[in-house]
Each structure stands twice: as C-alpha cells, then as structure tokens.
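Asks: Each chain, letter by letter, is given below.
Number of protein chains: 2
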Amino acid sequence: MSHAATNQAATFESLCQTFRDAAKLSTTADTLEWDERTGMPRGGAEYRAEQVAYLRGLVHDMQTSPRVGEQLQTLQDWDAAKDPHSDIGATLKWLASDYHRQCKLPSELVQRTASCSVRGQGVWDAARKADDYKLFQPVLNEMLALKRETGERLQTESQTVYEALLDEFEPGAKAAALTKTFADLRADLVELIREISDSPRQVDTSLITQTFDKASQQKFSHLIAEAIGFDFERGRLDETSHPFCTTLGPSDCRILTRYESNFLPTSIFGTLHEAGHGLYEQGMREDWFGLPPGSYASLGIHESQSRLWENLVGRTLAFWEHFTPTLKEHFPTTLGDATVEQLHRCFNAVQPSLIRVEADEATYNLHIIVRFELEQALIGGDLSTDDLPVAWSDAYEEVIGVRPPSAADGVLQDVHWSAGLIGYFPTYTLGNLAAAQLYDAAKDELGDLDTMVRRGEFSPLHQWLKKHVHQQGRTRTADELITEATGQPLSAAPLIRSLRNRYGQVYDLND
Amino acid sequence: MSHAATNQAATFESLCQTFRDAAKLSTTADTLEWDERTGMPRGGAEYRAEQVAYLRGLVHDMQTSPRVGEQLQTLQDWDAAKDPHSDIGATLKWLASDYHRQCKLPSELVQRTASCSVRGQGVWDAARKADDYKLFQPVLNEMLALKRETGERLQTESQTVYEALLDEFEPGAKAAALTKTFADLRADLVELIREISDSPRQVDTSLITQTFDKASQQKFSHLIAEAIGFDFERGRLDETSHPFCTTLGPSDCRILTRYESNFLPTSIFGTLHEAGHGLYEQGMREDWFGLPPGSYASLGIHESQSRLWENLVGRTLAFWEHFTPTLKEHFPTTLGDATVEQLHRCFNAVQPSLIRVEADEATYNLHIIVRFELEQALIGGDLSTDDLPVAWSDAYEEVIGVRPPSAADGVLQDVHWSAGLIGYFPTYTLGNLAAAQLYDAAKDELGDLDTMVRRGEFSPLHQWLKKHVHQQGRTRTADELITEATGQPLSAAPLIRSLRNRYGQVYDLND
Numbered sequence: 001m002s003h004a005a006t007n008q009a010a011t012f013e014s015l016c017q018t019f020r021d022a023a024k025l026s027t028t029a030d031t032l033e034w035d036e037r038t039g040m041p042r043g044g045a046e047y048r049a050e051q052v053a054y055l056r057g058l059v060h061d062m063q064t065s066p067r068v069g070e071q072l073q074t075l076q077d078w079d080a081a082k083d084p085h086s087d088i089g090a091t092l093k094w095l096a097s098d099y100h101r102q103c104k105l106p107s108e109l110v111q112r113t114a115s116c117s118v119r120g121q122g123v124w125d126a127a128r129k130a131d132d133y134k135l136f137q138p139v140l141n142e143m144l145a146l147k148r149e150t151g152e153r154l155q156t157e158s159q160t161v162y163e164a165l166l167d168e169f170e171p172g173a174k175a176a177a178l179t180k181t182f183a184d185l186r187a188d189l190v191e192l193i194r195e196i197s198d199s200p201r202q203v204d205t206s207l208i209t210q211t212f213d214k215a216s217q218q219k220f221s222h223l224i225a226e227a228i229g230f231d232f233e234r235g236r237l238d239e240t241s242h243p244f245c246t247t248l249g250p251s252d253c254r255i256l257t258r259y260e261s262n263f264l265p266t267s268i269f270g271t272l273h274e275a276g277h278g279l280y281e282q283g284m285r286e287d288w289f290g291l292p293p294g295s296y297a298s299l300g301i302h303e304s305q306s307r308l309w310e311n312l313v314g315r316t317l318a319f320w321e322h323f324t325p326t327l328k329e330h331f332p333t334t335l336g337d338a339t340v341e342q343l344h345r346c347f348n349a350v351q352p353s354l355i356r357v358e359a360d361e362a363t364y365n366l367h368i369i370v371r372f373e374l375e376q377a378l379i380g381g382d383l384s385t386d387d388l389p390v391a392w393s394d395a396y397e398e399v400i401g402v403r404p405p406s407a408a409d410g411v412l413q414d415v416h417w418s419a420g421l422i423g424y425f426p427t428y429t430l431g432n433l434a435a436a437q438l439y440d441a442a443k444d445e446l447g448d449l450d451t452m453v454r455r456g457e458f459s460p461l462h463q464w465l466k467k468h469v470h471q472q473g474r475t476r477t478a479d480e481l482i483t484e485a486t487g488q489p490l491s492a493a494p495l496i497r498s499l500r501n502r503y504g505q506v507y508d509l510n511d
Numbered sequence: 001m002s003h004a005a006t007n008q009a010a011t012f013e014s015l016c017q018t019f020r021d022a023a024k025l026s027t028t029a030d031t032l033e034w035d036e037r038t039g040m041p042r043g044g045a046e047y048r049a050e051q052v053a054y055l056r057g058l059v060h061d062m063q064t065s066p067r068v069g070e071q072l073q074t075l076q077d078w079d080a081a082k083d084p085h086s087d088i089g090a091t092l093k094w095l096a097s098d099y100h101r102q103c104k105l106p107s108e109l110v111q112r113t114a115s116c117s118v119r120g121q122g123v124w125d126a127a128r129k130a131d132d133y134k135l136f137q138p139v140l141n142e143m144l145a146l147k148r149e150t151g152e153r154l155q156t157e158s159q160t161v162y163e164a165l166l167d168e169f170e171p172g173a174k175a176a177a178l179t180k181t182f183a184d185l186r187a188d189l190v191e192l193i194r195e196i197s198d199s200p201r202q203v204d205t206s207l208i209t210q211t212f213d214k215a216s217q218q219k220f221s222h223l224i225a226e227a228i229g230f231d232f233e234r235g236r237l238d239e240t241s242h243p244f245c246t247t248l249g250p251s252d253c254r255i256l257t258r259y260e261s262n263f264l265p266t267s268i269f270g271t272l273h274e275a276g277h278g279l280y281e282q283g284m285r286e287d288w289f290g291l292p293p294g295s296y297a298s299l300g301i302h303e304s305q306s307r308l309w310e311n312l313v314g315r316t317l318a319f320w321e322h323f324t325p326t327l328k329e330h331f332p333t334t335l336g337d338a339t340v341e342q343l344h345r346c347f348n349a350v351q352p353s354l355i356r357v358e359a360d361e362a363t364y365n366l367h368i369i370v371r372f373e374l375e376q377a378l379i380g381g382d383l384s385t386d387d388l389p390v391a392w393s394d395a396y397e398e399v400i401g402v403r404p405p406s407a408a409d410g411v412l413q414d415v416h417w418s419a420g421l422i423g424y425f426p427t428y429t430l431g432n433l434a435a436a437q438l439y440d441a442a443k444d445e446l447g448d449l450d451t452m453v454r455r456g457e458f459s460p461l462h463q464w465l466k467k468h469v470h471q472q473g474r475t476r477t478a479d480e481l482i483t484e485a486t487g488q489p490l491s492a493a494p495l496i497r498s499l500r501n502r503y504g505q506v507y508d509l510n511d
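Note that the protein sequences, when read in sequence, are chains A and B.
First residue of the first sequence: 1, per our numbering; consecutive thereafter.
First residue of the second sequence: 1, per our numbering; consecutive thereafter.
Derived from the structure by calculation, the hints contain no laboratory data.
Please read all numbers here as calculations on a predicted model, not as lab measurements.
Hints should not be assumed to be uniformly reliable.
[Stated by the list, open to error] If you only want the chain B side, here are some residues facing chain A, beta carbon under 7 Å, derived:
hint	residue
1	GLY43
2	ARG194
3	SER251
In this text, a Cβ means the ideal position worked out from N, Cα and C, and glycines have one as well.
Please put together the full structure from these sequences, using the hints given.
Replies: Take a look at the structure:
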C-alpha cells in the first residue's frame, strides 16, 4: 500500500468508528423507546422524551461533524472505494449521501419538524378519538409545509419534491415508475377482488373469532417464530399495542406482537410478520453493525422480508398442513375439530374494509395506492387539506368500494402524516411486490418449497434470503438487490400470480 | 443582584445543566442495565457492555471537563453558596468534591479498575462455582492493589486509606467511629442471639416453606408495595435474580424482586425492601433531579429506607394483623389456617447461618462486622490474601458461631470485593442502625405507629420520612441528617431495643 492509501485506510477506520459509536447511542435510544412501548410507567414519559431527544441530538452531531465532512472529502478519490457495491465503496457512498442530505437541512428545520411530529401525533390521537378532522387540519398543514420545505431543500435536479421525501425511506425510488407499477397492480387487484366477491364460495370465519386464551397464543407465537428461524438467544418476543421490530444491538433483536382474545390471526400473522423483519436484522453481518453493509437496503426491502414470511409462507396450505396439529394442541376446545382447509380458508378471507391495518392481503395494497396518490397531491399542492376528507372518501369508494362513515375510520386512521412520514406508505406495497418476487426466485433455485414448508423445513428458504438479501446489507440499492436476486427488475406480476393461486384455492376461482 | 452575582447565577445554571444532561445519559445507562437484568437475550451481553461503557465514559467526560473546573472555580466565593446546607451550597459542595475526587484519579487507573472489576466478577463467579479460592486470589490481589492506590490518591490528611474508599459510599464516615459503634452492636447482638438460642420456645417455619404459586406471590408483592406508598404511575415492579432498585428518571423508579416457590419471605420482604428504596427515590425533589439536592444522602441512608419498611414495619405484629387476611386470600390452600401470630413468628425466626444474604435480622449485622474487619485488614496490609480464607472462617466461628465448610459458602460468597466495592459493606449496617433510630423518632412525633400500621395507614410514616429524609436530598451528610431528624447522632441503641422488643415477643425473652 502506498503511504496515501495507508492514510486513507486509517481515515476510513476512524470514520467508521465514529459511526459505530453513534450506533451505540442510537441503539440506546431505541432501547429507551422499546421500554417505553413495553411497560414504562406513565409518569416516565416526559423525561424519557428528553433522554431520547438528547441522545438523537448527540448522534446527529456526531454524524454531521465537520470532521466527518473532512474525512469524507479525503476519501473521495480512494481507490478502495471505487466500486460502490463493495463494502467500503457502499459505506462511503451512503455515509456521504446521508452527510450531504443532513447538511442541506438547517437544524432549526429539523428541530421544528421533530417538534411538530411529537405535537402532531398528540393532536392526531385526540382528533381521531374525537372523530374531528378540523382539529387535525392545522397541524397537518404545518407538517405539509415543513415537509415541502424539506423536500425542496433535498431535491436533486432529477427529483420531484415528493421523490426527495420518498428517497429517505426508499433510496432511488422514482414516483413515475411507482405510479406505473401501482397502476398495473391496481387493475389486477380490482379484477381479482371482483372475482372473489362474485364467487359462490364465501369464507366463514367464525372458527377464528372465538375466544382464545392469551397464554396459549403467546406460546404458539413463540413456537412459530422459532420454527422459521428467529434466534431467541439473540432476540426476544414481547407484547405491545402497536407491533414492531427493533434492533438494540448486533445480537439483540426485539420483536413485538399483539394478542386479540377474539381474533386469532392478529397474533399469528403479526408474529410471523415481525419475525420476518427479525430474520433480516439477525441475518445481517455483525462486523458491519451500524454501517451501511450491516444495514437494511430500504424500507421496502425490509417489508418484503416480513411479508414473505407472513403471507407467502404463513398463509399457504403447506404451512397449515405443518402447523395445524400443533395449533390444535394449543387450543383444544376451540379448534379441536378444525381441519387444515378450514383454517387455511379462514386465514385467507377477503373482505373490502375501511381500515388499512386490518385489511386482508388482496385489498391491502389498494389502501396504500389511495394514500400514495393523495400524499403526492398534498405535497404537490394539487389537493388542499380542506378537500382532503372528501377526496379520501371518494378514493376509498372508487378504489376499494367502501365509503368511510367518519373521519376516524377514514382520513384520520393513520398516524404517519402527523409524524411527518410522507413518502413512507409506498414502501409497504413495494415490500409486498418484492416478497412475492423473491419467493418465486427462491423456489426456482431451491425447488419444491411447498414440500419443505409442509415438513417444517424453513432453513433452506431462510438461508437463501440470508445470502441474497440479509448479508447484502446496503451494498445494493433496492432495485439492484431485487434484480440481482431474482434476475428481473421489480414488477407486480409475481404478487398477482401468488394471490391468484392462493385465492383460487380458497374461492374456487377460474384460472 | 450585582453584576458579578448575575454572572455567577448564570454560571451556576450552566453548570447544573451539564449535570442534568449527564444525568440523562447515566439514567439511560441504568435503563440498559435494568433491561440486561430483566430479560435481555443472552446474545446481547457483549454489545450491551460496550454501550454502557461508552455512555459512562461520556458522563465522566462531561463531569470532569475543564469547563466544569473553571465554573466551580468561578463560583467558589459566591455568596448564594455560602450555606452548605442550602440547595445551591450543597450542590456546589458536592459537585466540587466529586470533581476534585475524579481529578485526583488518573484515567488509566479508573480504566484499569473498571476492567479489573468486569474481569474480577467473572473470575469470582467461576471460582465460587468451582469452590476454588486459589482461582480468585490473583484477581483479588490485583483489585486490592488498585483500590489501595485509589485510596492513597484520594486520602486527605485526616483520612486513612480505607476511609478514603469508604467515603465514596458513605461520605464523611470515620473508621474509628464505625469500629466503636460496631463493637457495641456486636456485643449486644451476640448476647441477644445467645438468649434466643437458649430460649425453650423455638420457631417452626414449616408454614412458610410450603409451595407458593408465583402468580399469587406477584399479586401480593404488588399489593404491599402499593399499600406502603410506592407509586405505580411512577414506577414498576419486575422480577430478577438479584433484587435491586434503580431510578431511570424523576418519575420512573424500577424495583425488582425474586420469587422463591418454597420460601415465601423472599418475595415479601424483598419487595418491601426494594419498595423502601423506591419510596426514597420517588420522594426526592424532581426539580433537582440529577443534582445533589435531588440525590440520596449516602448509601447508608438509602439502606435505612429499605430496612425500615422491610423490618421495622414489615416484620411487626401490627403489620401482620393488617395483612394476614389478605395474605390468606392469596394462598388459601397453604395458609388458610395460619394465624397472625404464627406468621409473625415465622417471619422473625433467628438461625445463625453461613450466608449473609439469607441471614435473619439479628445475625445479619454480624456478617457485616466480619467483612468490615477483614477488608480493613486487607487494605491496611495487616492481612494477606494467603491467610484470608482461614481468617474468614475463624471470624465466622468466633462472631457467628458457625464455620464455613467450603470457600464457596465462606470467603467466596459475595461479589463485592471482586467488583472493587471495598468500603461498601458497612453501609448495610449503618442502614440498619439508621432505620431503627429514624423509626423511633417518627414514633415520638407521630404517636402510636403500631395502631396506624394495624389499620393499614402507612401515609403518616411515609410523609414523615419524605419530609425528614427524602426531600433533604444531599443537602446534609448522613450524620447531619440523622442528627437533625432524630435529635441524636447515630447509635446502636435503637436497633438493639427494636430487636429485643420484637424477638422478646417471638422467643419469650426476659426484659
């Protein structure tokens, strides 16, 4: 190595150490938030918010220090970083882009947004409870203005303001391409749902709406998470009101689920979903923890891992051929007489409904499409918040076929916009698409996945995902990762095929 | 205010803000440790240690920055700080003494001690399991050398090396005074224990060694903690293997207890003990959180609050007159026929034994006296670690009347020395003494506490402690606090009176 290269290697190591140290603090803040959402006493809320804000501030200061800027500058022409898909190259590419992103945002804008987000979520919560959109509108206006300013400051020449916002969650995503993909998807989904609702064979879900003991639900949830490969030596499963997955260290991943006494799928599919996120987190390379090669590629890719296990694996006949006997052991009185087919049908019931988080797999993406169109119009100035509630209801009626009777069950149902998460919703659908496409590619390579699942052999699929997704970290963009792993750019076709196949069984649809 | 005073007020505010910010980080580290001891997955240990060390390092840097030194210098002659018992005066007094203490210790010594402590606890654990003192001896030698160097660097002209170490836990404590107090206590305890063992009336504890359902123990523990005043809006009770109390914010105090299926007192008195610590933490002034007026006076005073509720309240006949019916409701099959007197006797059984943490209230302080004498001899160089095991066994035989059959049940039973906690043990006995003396003073002022306790009225005592102890924070030394609250300097007499009174009932002793 030349003298310059030796220096650059040392500079790189020092830069990485800063981000590793910052990760120690940000995972610490995540731990505080995990605790807040699992059992912190109510009195602790105010101080907890101060602690988290202080830690996040320290992290921000570390990541945007002038020294980091100088080090990135020094490393700009480093030979070892030339390949953006190498670990070093990807690290420098993302650290530089994050750094420049942060530097474009004045800290008073960041602080105003953070403060509006905390306040906004409180106002949203109150407005939803009071079913009063007017209460929410002023803070929504404020947040939209802040996010518009943020997008304008961040946008590159080739980006719209909305794309600049989207970029934070799904780096490199293009609104035009998304619009096209979502339009294809929408047409196919609307047709599929029409066929399902026209089918003479409908699903009776009374089996899964009985009363289910929480302790048994907890045991079964633990069992299926472990079966698909979630490592309880390096993670745990807890209860919360809004399920999530959070990573508190390279070998400490926490997944959280919810138990409904009268609706069994909530805990089962909630657990599979979060465990899917957990497998991704546990499958990353520990030696790159806190740096891009040890991070997720995008939120869409993260969601693909949860949806794959929840839906592509968890809702199949093969999965329930394997798990029905165990499930019946856990609920002998309520499910003692249930058959595999009955359970499989119950877990794949389709019913157009008002609330996204309760939606079935077929209609779910339509909920996202509504939001994707509305939030673009809001940010672009094509839709005023005065007209939003009616636009929302019209869109639901047109796209999903149901009209919300109230703001609480309509435009006020999601926390995202109040929290400043604009450009986030599309990642849910991107995840669904990627899940189906990755599953198909795995099947092409591994052979008869159904038979493996029927035998409870989840490891081949898990290892395939680990190799093609988890261990890649952020050395690829989402698009690159999908194309390399599946041989195709992302498309709606695999998801539609998968849904047609599964719902075909359940609703006796014609091919 | 003069211009200089205005400046000094601003400097003081800035200094306090630094320590408030440091408290945000140190309570964050405490949260990480709480999580580690309540359910962190095993895989998380290594990274968790890195996180905690990093946070503790940041705190140390903040508290010992040159700017803090300059600010303390600027405020040295500030009129508002003249009275060391005022909030401002006490703040500056303790911050300055901590600062100078820290500055006397080179950071390489601090780091070597921290590293030896982590390693030492691991070695201790292995040595105890293998019942092999020789395994432990080298790291004990290393730790003693480090602590001796620490003490030598810290000691003032009027202090011995041991006193300099003691000072960290019990500021201002004098070894000579302790030796005198402990000698008085020892003589009285030995006599009391002789009378108890000679008594024809012995205690049958079979009632409390049956099998007790954990869920019922948890409910009863929660109930008694709440009854004595622990605020569950501002705290919670969890399970752990080594009970403790930790404060994660001004309104977030966590207490932890242990449930033994075959020994009921473990959870009951463990909970009362930790809840007593918790009442102290919850009773402090929130606006001084993270600063001396919002901190505990000393470890001895902290222990006095736990021991007071555990023993002076929790082991009385009056307490069980109140709680026996509720206890029987929780354990109808095992305790359905138990009487108040039977339970009271069981909870006050005395039996000289080998293990400190399992010792009854009468013999407990003798275990401490053994450690106090041995650790002084070790630090002073009067006892070599070669001779320690025999010295330990001889002391147990002489003081408590039992000889350990093994190192594991003898000299290897406590983690403290391996962790560098030398000078810590005496605070346990100081707490016992202070508890009895404070209880007497409260009774003098409040009247018939027994009747209140019998009625389940714990608030008068709680409020008295809040006023005389909790809200004082660290504006008084332990000695000053006890003298002001009770009208007397600390002595062994109240504890001995209290034990004689209670054991007199249980063992029919003559007055």
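Asks: Hint validation: ARG194/B versus chain A, beta carbon distance must be below 7 Å. Holds or violated?
Replies: Constraint on ARG194/B not satisfied, violated at 47 Å.
Asks: Can you verify the interface hint for SER251/B: is its Cβ closer than 7 Å to any Cβ in chain A?
Replies: 3 Å, holds
Asks: With 7 Å as the cut and Cβ atoms as the points, is GLY43/B at the interface with chain A?
Replies: 3 Å, holds
Going down the numbered hints, you'll see the structure goes against just number 2.
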